[in-house]
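Engineer: Residue numbers (our numbering), protein chains in the order written: chain U, 1 to 119; chain B, 120 to 548.
Each hint should be verified, as a subset may be incorrect.
Unchecked claim - Mimicking SDA-like on lysine to any residue, the simulated pairs with C-alpha atoms at most 25 Å apart in a straight line are:
(1) U:100 with B:397
(2) U:104 with B:355
(3) B:320 with B:506
By construction, these hints were calculated from the structure, which means they are not laboratory data. None of these values were measured; they are calculated from a predicted model.
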Amino acid sequence: MKTFICVMAAVVLFSTSCFAGVKTTGRGDTLNFDAAAIPSSMRASFDVMRIRCIKCHTMERTVVAITTGVAPITGQPFDRAATRAYGIKMLRKPDSNMNKQEVKVCVDLMNYLLDEASR
Amino acid sequence: MNYRVITVVLLFLAFALPLVCAQKAHAIAAFTRQHKTECSTCHTLYPELNEYGQAFLKNGYVYSEKRKGDKGADKTAAAGKGEAGQADAGKSDKNEGIRLSGIPELLPLSITANQSIVYNDKAFDGDKWDFSTRSVVLQAGGAFRELAGFYATFDLFTHSSNSLLNDSNKLDELFMVWRHLFGTPVNIKFGKFEPRLSLWKKSDKIIVTSFATSAFKAGSSPFSMETTQDALEANAVVGRRLFLAGGVVDGKGRNNVDAYGHVSVKFGGTDFLGNEPELDFDRESIWDYLALTLAAYGYSGRNSDPFVTSIRNNFYRVGGDVDLLYKRLRLRGSVVTGRDTNPDFVPVTEHAKPLVFASELEYLFGSPVNFAGIFRYEYEDTGTGKVRRYIPAVAYIPLQNVKLVLQYNYENTSFINNKIALLDVSFSF
Numbered sequence: 001m002k003t004f005i006c007v008m009a010a011v012v013l014f015s016t017s018c019f020a021g022v023k024t025t026g027r028g029d030t031l032n033f034d035a036a037a038i039p040s041s042m043r044a045s046f047d048v049m050r051i052r053c054i055k056c057h058t059m060e061r062t063v064v065a066i067t068t069g070v071a072p073i074t075g076q077p078f079d080r081a082a083t084r085a086y087g088i089k090m091l092r093k094p095d096s097n098m099n100k101q102e103v104k105v106c107v108d109l110m111n112y113l114l115d116e117a118s119r
Numbered sequence: 120m121n122y123r124v125i126t127v128v129l130l131f132l133a134f135a136l137p138l139v140c141a142q143k144a145h146a147i148a149a150f151t152r153q154h155k156t157e158c159s160t161c162h163t164l165y166p167e168l169n170e171y172g173q174a175f176l177k178n179g180y181v182y183s184e185k186r187k188g189d190k191g192a193d194k195t196a197a198a199g200k201g202e203a204g205q206a207d208a209g210k211s212d213k214n215e216g217i218r219l220s221g222i223p224e225l226l227p228l229s230i231t232a233n234q235s236i237v238y239n240d241k242a243f244d245g246d247k248w249d250f251s252t253r254s255v256v257l258q259a260g261g262a263f264r265e266l267a268g269f270y271a272t273f274d275l276f277t278h279s280s281n282s283l284l285n286d287s288n289k290l291d292e293l294f295m296v297w298r299h300l301f302g303t304p305v306n307i308k309f310g311k312f313e314p315r316l317s318l319w320k321k322s323d324k325i326i327v328t329s330f331a332t333s334a335f336k337a338g339s340s341p342f343s344m345e346t347t348q349d350a351l352e353a354n355a356v357v358g359r360r361l362f363l364a365g366g367v368v369d370g371k372g373r374n375n376v377d378a379y380g381h382v383s384v385k386f387g388g389t390d391f392l393g394n395e396p397e398l399d400f401d402r403e404s405i406w407d408y409l410a411l412t413l414a415a416y417g418y419s420g421r422n423s424d425p426f427v428t429s430i431r432n433n434f435y436r437v438g439g440d441v442d443l444l445y446k447r448l449r450l451r452g453s454v455v456t457g458r459d460t461n462p463d464f465v466p467v468t469e470h471a472k473p474l475v476f477a478s479e480l481e482y483l484f485g486s487p488v489n490f491a492g493i494f495r496y497e498y499e500d501t502g503t504g505k506v507r508r509y510i511p512a513v514a515y516i517p518l519q520n521v522k523l524v525l526q527y528n529y530e531n532t533s534f535i536n537n538k539i540a541l542l543d544v545s546f547s548f
């Protein structure tokens with residue numbers, strides 16, 4: 001019984017938030033996708049997202065949008081149409097300093113994560 | 120002259136250096152607090168609006184419309200998966216009573232203050248340095264769910280030498296926008312506000328001084344396009360890229376009303392409802408980044424001598440604006456002309472035909488954007504002499520809610536050349 005309690009306590013202590021289909025790490029401002037769970041073919045895309053997106057906002061915003069299907073600021077559905085629209089918005093926004101190729105791979109990655117989250 | 124320039128630059132650096140080390144931006148003005156988003160969602164360098172901010176303004180301070188067939192955000196959030204979804208749903212549900220009442224969850228108030236150091240080479244009183252130019256403005260803005268938007272600005276303090284002081288009372292703006300009247304695209308705006316003439320509100324700029332086209336006055340006439348007035352306006356976005364506005368203004372102390380109209384159209388870029396343009400990720404096109412907005416407007420009114428109301432001035436204004444945006448570059452142009460039958464309210468009438476032109480070139484630097492270089496040229500002929508202004512300026516935001524502007528106004532008139540250097544620090548919270 002003591003062992004069981006210790007194991008459960010360890011589980012509780014070291015557990016972190018995760019979502020049905022998308023693995024995440026951290027919480028609050030540090031909430032992010034679990035890099036280890038990103039397929040190797042999309043790791044480069046994840047690096048682009050990880051570096052570019054946090055110039056203006058935390059990754060929490062992106063994680064919440066993908067895992068809940070709701071854009072946290074506007075309250076509008078976050079689906080494939082939305083990932084494309086946000087991609088275009090970030091492309092055109094000087095703050096992001098992203099080129100088309102970078103935006104394209106981020107949109108593809110978000111679409112993949114949306115699919116994973118919906119499983 | 121050189122040591123003066125050096126002094127101004129050193130002062131600028133002295134203000135800027137303690138702020139440079141800051142790493143994170145936490146802009147906390149009313150809309151930021153309400154929507155939990157950063158200032159740069161709607162502004163380039165505040166208070167200048169970006170395309171999305173323009174759409175937010177036109178949409179009555181409500182984020183862009185829900186797409187047809189979409190469920191409400193609250194329902195979707197409540198059905199969200201995982202911890203974050205539940206947290207988000209919790210945020211929506213915990214104040215249901217407040218939400219159902221239509222009351223904004225947070226008190227939608229903010230304060231903007233600015234303090235300037237002005238060096239005027241030709242100061243009338245010989246006091247070339249002025250450290251006392253400042254203003255404090257209380258702002259309120261938001262929306263009652265999606266039914267109506269509201270906005271108010273109250274001048275808590277305005278330095279008397281501020282040329283923008285346009286009324287003796289302290290309430291500068293107070294209006295409500297009834298959105299989408301009976302399901303139509305028409306919004307009804309009522310209260311005290313700046314009649315929609317120019318593409319840009321008087322606050323929609325980075326540097327301190329207003330566009331001459333909006334700020335100029337003919338003779339002793341108190342009318343300027345940026346003056347807030349008691350008005351009733353109907354406006355609508357038609358077909359996403361056409362904006363129409365028309366309204367009437369109540370003239371004080373007389374039965375007649377002034378009337379005005381505005382039409383603007385946008386090619387490329389985010390539409391007037393905040394929707395991004397369609398573009399091909401695999402092909403480059405100039406329209407991926409180019410946005411061109413054109414506007415035309417007219418105002419017909421009359422005013423009278425405040426002491427001898429029988430002496431009247433009938434006037435009209437017609438004008439046009441162009442706003443060109445390409446990546447980090449923005450070019451704005453504006454021209455206004457018109458006619459005043461008696462702008463000086465004298466017994467023997469003297470007509471005036473003002474002609475004012477202004478253009479501004481702006482380039483944004485940084486990622487995120489935190490610096491801007493600006494050059495403005497203005498030409499003003501209101502019948503009392505021609506004035507040309509050359510205004511180079513730089514602006515820097517160490518945080519999204521703190522802005523420093525260093526500008527130099529070289530004003531060339533028929534009689535005198537004015538040289539004014541100005542360092543302005545403004546912040547909003």
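Engineer: Name the hints, by number, that the structure is in violation of.
Structural biologist: 2
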